[in-house]
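A.B. asks: Residues per chain are reported as follows:
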Amino acid sequence: MTAMTYPLSADVQKQQAMQEPAWIRMFLIGLTLIFLTLFLFIPLISVFYEAFKKGADVYLAAITDPDAVAAIKLTLTIAAIAVPLNLLFGVAAAWAIAKFEFRGKNLLITLIDLPFSVSPVVSGLIYVLVFGLQGWFGSWLAEHDMKIIFAVPGIVLATVFVTVPFIARELIPLMQEQGTEEEEAAVVLGASGWQTFYQVTLPNIKWGLLYGAILCNARAMGEFGAVSVVSGHIRGSTNTMPLHVEILYNEYNFAAAFAVASLLALLALVTLALKTLIEFRNQQHQQRGHE
Amino acid sequence: MYTFKQHSILPGFNLALGFTLLYLSLIVLIPLSAAFIRTAELTWPEFWATVTTPRVLASYRLTFGASFAAACVNAVFGLLVAWVLVRYHFPGKKIVDALVDLPFALPTAVAGIALTALYAGNGWIGQFLEPLGIKVAFTPLGIFVALTFIGLPFVVRTVQPVLEDIETELEEAAATLGANRWQTFTRIIFPAIFPALMTGFALAFARAIGEYGSVIFIAGNMPMVSEITPLLIVTKLEQYDYAGATALSVVMLVISFFLLLIINLLQWWSRRRNSTT
Numbered sequence: 001m002t003a004m005t006y007p008l009s010a011d012v013q014k015q016q017a018m019q020e021p022a023w024i025r026m027f028l029i030g031l032t033l034i035f036l037t038l039f040l041f042i043p044l045i046s047v048f049y050e051a052f053k054k055g056a057d058v059y060l061a062a063i064t065d066p067d068a069v070a071a072i073k074l075t076l077t078i079a080a081i082a083v084p085l086n087l088l089f090g091v092a093a094a095w096a097i098a099k100f101e102f103r104g105k106n107l108l109i110t111l112i113d114l115p116f117s118v119s120p121v122v123s124g125l126i127y128v129l130v131f132g133l134q135g136w137f138g139s140w141l142a143e144h145d146m147k148i149i150f151a152v153p154g155i156v157l158a159t160v161f162v163t164v165p166f167i168a169r170e171l172i173p174l175m176q177e178q179g180t181e182e183e184e185a186a187v188v189l190g191a192s193g194w195q196t197f198y199q200v201t202l203p204n205i206k207w208g209l210l211y212g213a214i215l216c217n218a219r220a221m222g223e224f225g226a227v228s229v230v231s232g233h234i235r236g237s238t239n240t241m242p243l244h245v246e247i248l249y250n251e252y253n254f255a256a257a258f259a260v261a262s263l264l265a266l267l268a269l270v271t272l273a274l275k276t277l278i279e280f281r282n283q284q285h286q287q288r289g290h291e
Numbered sequence: 292m293y294t295f296k297q298h299s300i301l302p303g304f305n306l307a308l309g310f311t312l313l314y315l316s317l318i319v320l321i322p323l324s325a326a327f328i329r330t331a332e333l334t335w336p337e338f339w340a341t342v343t344t345p346r347v348l349a350s351y352r353l354t355f356g357a358s359f360a361a362a363c364v365n366a367v368f369g370l371l372v373a374w375v376l377v378r379y380h381f382p383g384k385k386i387v388d389a390l391v392d393l394p395f396a397l398p399t400a401v402a403g404i405a406l407t408a409l410y411a412g413n414g415w416i417g418q419f420l421e422p423l424g425i426k427v428a429f430t431p432l433g434i435f436v437a438l439t440f441i442g443l444p445f446v447v448r449t450v451q452p453v454l455e456d457i458e459t460e461l462e463e464a465a466a467t468l469g470a471n472r473w474q475t476f477t478r479i480i481f482p483a484i485f486p487a488l489m490t491g492f493a494l495a496f497a498r499a500i501g502e503y504g505s506v507i508f509i510a511g512n513m514p515m516v517s518e519i520t521p522l523l524i525v526t527k528l529e530q531y532d533y534a535g536a537t538a539l540s541v542v543m544l545v546i547s548f549f550l551l552l553i554i555n556l557l558q559w560w561s562r563r564r565n566s567t568t
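Going line by line, the protein sequences match chains A and B.
In case it helps, the numbering used here puts the first sequence at residues 1 to 291.
In case it helps, the numbering used here puts the second sequence at residues 292 to 568.
So that you can see chain A by itself, here it is in the shape it has in the complex (with noise of 0.2 Å):
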């Protein structure tokens, strides 16, 4: 009888000793996908559902409302402040940072990743302390009529700091990695400091700049908890989107509320896709740089 095992080729031997079982990898990809499916995939379905279960009418008459337009016009407001805000700290902190070296460097970067480690109902919280009536300049604003706390100034600057580290987080690594001899022979060759800027660094860093704004963006208009402390809750007014979305679900009007949430999980939705196609167009962009 000839025996019925052939040796197996070294790729095969390889392979198995490199590989799990086929039972395992499917078992693992199985249990991976019911977990995902269960957090993540049916909560996002369930938003777009329950906001259209009553029909498009209802769903059409929550989003056109005019408290609900007003949410929208007032998140877009604040978005439109907030990002380009950091968007220009971004790049100064990224200049500072990665173009030179200073000392107490690692502590400025630990720094501006702070606002990211503290819980947005505190974010709020110490610019009630700073804005508000009982705060450090409450009876000089209201002496001088002004308004920082439960109004729309008090939601930019809550919004402002829980954003502060989205675009220099991603600039700082990025232009860490890209040096500094290119800027260096621009000014050799007699560039002024803007001129570099913006003819060499600027087209440098852009991808890097629209992928931070991209989720600085999403973060601005979707953030909740430091919003609310400061907001003072007042309808058509001060009343951002997340806000609205609340004030109707406490309300039990759920069709409503799950119709304007389902603005903003679309606008999460957008936001992933954008970051992917940046990520993509970056891998193939490096890989094309190696060859």
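No wet-lab data here; the hints were simulated from the structure.
Here a beta-carbon is modelled for each residue, glycine too, at the ideal position from N, C-alpha and C.
Among the hints, a few may not be true.
What the hints assert, rightly or not - Calculated from the model, a selection of chain B residues having no Cβ within reach of chain A, i.e. all distances over 10 Å: (1) 334; (2) 355; (3) 426; (4) 430; (5) 439; (6) 516.
Claimed, not checked - Below, in silico cross-link-like pairs of lysine to aspartate or glutamate (EDC-like), each with a Cα-Cα straight-line distance of 20 Å or less: (7) B:296 - A:184; (8) A:275 - B:388; (9) B:296 - A:181; (10) A:147 - B:529; (11) B:385 - A:279.
Stated by the list, open to error - If you want the ones that stay clear, here's a sample from chain A, every Cβ over 10 Å from chain B, calculated: (12) 54; (13) 57; (14) 67; (15) 73; (16) 153; (17) 236.
Once you have looked at the hints, place chain B on chain A.
C.D. replies: Chain B only, in chain A's frame:
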């Protein structure tokens, strides 16, 4: 000689650093210091009494317990998701990979109402759990679910790049020396990704402790039972108890700073581990 800054021919250092420091001071440092300065108006026994009432202690237990449990689940499943995304191929992998970041992008209030609707007694998931006697919405279990949702991307996104960078030569060597797959995983792969796993765990834990938006809808918010510390701060503020709210937020800030320090140490450990292997 002591020099603050190394010489460079590039311009703009003073302007860029000056603007950075001014902006950080106005937006972050001065407002944050307000919490500490206002709390200093309390005497130490007053402060201590405020931050250790039974209701506050119950909120700490709940916040830290639920955050810890959620971070543990995220460590296990985050490692699994990262492993499957890096090592295996299956249809739709790119979309799954992109959607892992959903909890970062989805506003917390939206996550909160969606999870509440799902886990309520008549919800898609709640209707199956209710007959088993498991109540999720409006209980501490609901808080755990919400915190698991918002912490999900942290472990995946810290472990994934490290797993991608592991050189397969090490695994080949282990296999050549007769190790089976499980031994290779526990002796070679796991030690290499352990610092990143701990970093992800700490990030998820830190995020969960401060979380507010996704929790308040699903929690039920009953004092002593399902009231998280951030909510207690808001409740005190709404009752015009500024001193109490501020004292509690100082406790939260100190814990955040401590966690930030640990996270920085873990990241440093992770970087060192990966540059030596």
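A.B. asks: None of the hints should be skipped; say for each whether it holds.
C.D. replies: Here is how each hint holds up against the structure:
1. 334: holds, 19 Å
2. 355: The assertion about residue 355 of chain B holds, with a minimum of 13 Å to chain A.
3. 426: Answer for residue 426 of chain B: holds, closest chain A Cβ roughly 17 Å.
4. 430: holds, 18 Å
5. 439: The claim is violated: residue 439 of chain B sits with its nearest Cβ about 6 Å from chain A, within 10 Å.
6. 516: Residue 516 of chain B clear of chain A: closest Cβ-Cβ about 20 Å, beyond 10 Å.
7. B:296 - A:184: Since the Cα atoms of residue 296 of chain B and residue 184 of chain A sit roughly 17 Å apart, the hinted pair holds (cutoff 20 Å).
8. A:275 - B:388: Answer holds: residue 275 of chain A to residue 388 of chain B is near 12 Å, not above 20 Å.
9. B:296 - A:181: The hint holds at about 18 Å.
10. A:147 - B:529: Holds. Residue 147 of chain A to residue 529 of chain B sits at ~18 Å (cutoff 20 Å).
11. B:385 - A:279: Status holds; Cα separation ~12 Å.
12. 54: holds, 14 Å
13. 57: Per Cβ check, residue 57 of chain A is outside 10 Å of chain B; nearest 21 Å; holds.
14. 67: holds, 16 Å
15. 73: holds, 17 Å
16. 153: Since the minimum Cβ distance to chain B is about 13 Å, residue 153 of chain A lies beyond 10 Å and the statement holds.
17. 236: Consistent with the label, residue 236 of chain A stays out of reach of chain B, its closest Cβ about 18 Å off (over 10 Å).
In this structure, only the earlier hint numbered 5 is contradicted, and the remaining ones agree with it.
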